[in-house]
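Here the sequence shown is numbered in our numbering, starting from 67 and rising by one per residue.
Wrong hints could be hidden among the right ones.
Now the in silico label distances, taken between C-beta atoms and shown as ranges [as the list claims (entries may be wrong)]:
| hint | residue 1 | residue 2 | range |
| --- | --- | --- | --- |
| 1 | K329 | V71 | 48 to 56 Å |
| 2 | S99 | A126 | 17 to 25 Å |
| 3 | V138 | G117 | 20 to 28 Å |
| 4 | I69 | I271 | 13 to 21 Å |
| 5 | K329 | T124 | 42 to 50 Å |
| 6 | K118 | S275 | 29 to 37 Å |
| 7 | T124 | D196 | 45 to 53 Å |
| 8 | M93 | D196 | 33 to 41 Å |
| 9 | F223 | E177 | 41 to 49 Å |
Simulated pairs of lysine to aspartate or glutamate, DMTMM-like, Cα-Cα distance not exceeding 20 Å [said to hold, decoys possible]:
| hint | residue 1 | residue 2 |
| --- | --- | --- |
| 10 | K255 | D239 |
| 11 | K257 | D204 |
| 12 | K201 | E219 |
| 13 | K329 | E308 |
| 14 | K337 | E122 |
| 15 | K89 | D107 |
| 16 | K187 | E145 |
| 17 | K255 | E145 |
| 18 | K338 | E200 |
| 19 | K347 | E122 |
| 20 | K118 | E82 |
| 21 | K118 | E145 |
| 22 | K120 | E106 |
| 23 | K337 | D196 |
I should point out that these hints are in silico values taken from the structure, not numbers from a laboratory. None of the values given here were measured: they were computed from a predicted structure. For each residue, glycine too, the CB sits at the ideal point set by N, CA and C.
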Amino acid sequence: MEIRVLEYFLMVAREENITRAAKQLHMTQPSLSRQLMKLEDELQTPLFIRGKRKIELTEAGRILRRRAQEIVSMIEKTEQEVMQNEQMIGQITIGTGIFEASQSFLSSAVEQFMNDYPQVKFDIYTGNADLIKEKLDDGTVDIGILMEPVNIEKYHFIRLSQKEKWGIIVCEDHELAQHDKVTAAMLAKQKLFSTSRMTVQNEVIHWLSNGLKHIDFPVTYNFNTTVLPLIRKNLGAVVTIEGAYRAENHEHLVFIPFEPELKTGIVIVWKKDTVMSNVLKKFITLIESISKEY
C-alpha cells in the first residue's frame, strides 16, 4: 500500500466525488479511478459506494480513512522532524482534557515557547485520558495532559501540584442549586450523569457509596459539553470537575463541590524510549521548569 495512493483515497473521501478529487490532485479522472480500484483489489474489499452524484465510504472505507489520516500525518510529521532537526522549526502536538489546571499551565507553556521559537507550531488535540494515551502510543500526540487516575507506567511524567475539585453541575432552578456543598446523601434521588471513563467513574462511585446504597448513571458522557443542554432543562446533575465547568459557557448553570472534598491530580506525560526532535526536547525542558509553579 503506497502513501501516495492513501493520499488519493483521502482526497476522494473528502470531496465525495472522483472528478473533483482528480482536479484537486492534478490528475485525470480515469487514472484516479484505476488507482482506487487497485487499492480495493489489494485490500480485497470495496471502499466506496459509488452513486451517480456522490461517492460514500463503506464501513471498511471509514476504517481505512481513520488509519490513513494517522499514517499520512505521521509521515508528514516524521519528514518535518528529520529535515528540521537542526533548526527550531516544527510542530508539537499536545493532547489534553478540559480542566482548569491544564488550561492555565498549557497556555503559559505555549506562550513562552512561541515567544522564544516563533517558527514552532502547536496542534492541540482535546480528548479524555484514554483517547490521548492511544494517540501517544501511536505517535500522533507528543505530550499528554491527563487527569488521574490513569496508568502512566509507559510514560515519563510530571505531576502538577494543582488538583481538580469534583462536584456536580445543575441548572440554576435545580433544588440543590442554592447549596454551597453537596453530600452523597443529598444525591440519593437525583439523576446523575457521569464520565464514561471507568477508572474515573470508579473513583466517583467510591465517594458516592459513602451515602448511597444504589448508584446508577442513566447517562454517561465523553465531554460534559454534550450533556449540558440536558442539564439546562433540569433533567439531572452532571458529576464533573470544577475546571470543566469553568471552561464552558456556564450561563444558567451552577457548580456545587462535594462535601467531603474529592480532588483529582493532573499529570503531564510523554513516551519513554522514543526518539525526540530538538524542538520537542526543548519544550519538555521548558514544561519541566515551569511545572513547579503549578
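Quick rundown of the hints versus the structure:
Taking the beta carbon of each, K329 and V71 are about 50 Å apart, inside 48 to 56 Å as hinted. Checked against the hint of 17 to 25 Å, the C-beta distance between S99 and A126 comes to roughly 18 Å, which is consistent with it. In this structure the supplied range 20 to 28 Å holds for V138 paired with G117, their Cβ-Cβ distance being about 26 Å. For the pair I69 and I271, the supplied restraint of 13 to 21 Å is violated, since their beta-carbon distance comes to about 46 Å.
Here the CB-CB span from K329 to T124 is close to 47 Å, well matched to the stated 42 to 50 Å. The given range of 29 to 37 Å is broken by K118 and S275, whose C-beta atoms sit roughly 59 Å from each other. In this structure the supplied range 45 to 53 Å is violated for T124 paired with D196, their Cβ-Cβ distance being about 27 Å. Judged by the Cβ atoms, the range 33 to 41 Å given for M93 and D196 holds: they are separated by roughly 40 Å.
Between F223 and E177 the CB atoms are about 23 Å apart, so this pair departs from the stated range of 41 to 49 Å. A threshold of 20 Å between alpha carbons decides the hint, and for K255 with D239 the separation of about 16 Å falls inside it, so the pair holds. About 38 Å separates the Cα atoms of K257 and D204, which puts this hinted pair outside 20 Å; it is violated. This hinted pair checks out: K201 and E219 have alpha carbons roughly 16 Å apart, not beyond 20 Å.
Taking the CA atoms of K329 and E308, the gap is about 10 Å. The hint holds against a cut of 20 Å. Simply put, K337 and E122 have alpha-carbon atoms about 37 Å apart, too far for the 20 Å limit, and the pair is violated. For the proposed pair K89 and D107, the alpha carbon gap of about 24 Å is over 20 Å, so the pair is violated. Between K187 and E145, the direct Cα distance comes to roughly 15 Å. Compliance with the 20 Å bound is thereby established for this hinted pair.
A distance of roughly 56 Å separates the Cα atoms of K255 and E145; the hinted pair therefore is violated under the 20 Å criterion. The suggested pairing of K338 with E200 holds, with an alpha-carbon distance near 14 Å, which does not exceed 20 Å. Between K347 and E122 the CA atoms are separated by roughly 42 Å; this puts the pair beyond 20 Å, and the hint is violated. A threshold of 20 Å between alpha carbons decides the hint, and for K118 with E82 the separation of about 11 Å falls inside it, so the pair holds.
Simply put, K118 and E145 have alpha-carbon atoms about 38 Å apart, too far for the 20 Å limit, and the pair is violated. Taken as a hint, the K120 and E106 pair is honoured in the structure, with Cα atoms around 18 Å apart against an allowance of 20 Å. For the given pair, K337 sits about 15 Å from D196 by alpha-carbon distance, which is consistent with the 20 Å threshold.
Violated hints, in rising order: 4, 6, 7, 9, 11, 14, 15, 17, 19 and 21; the structure is consistent with all others.
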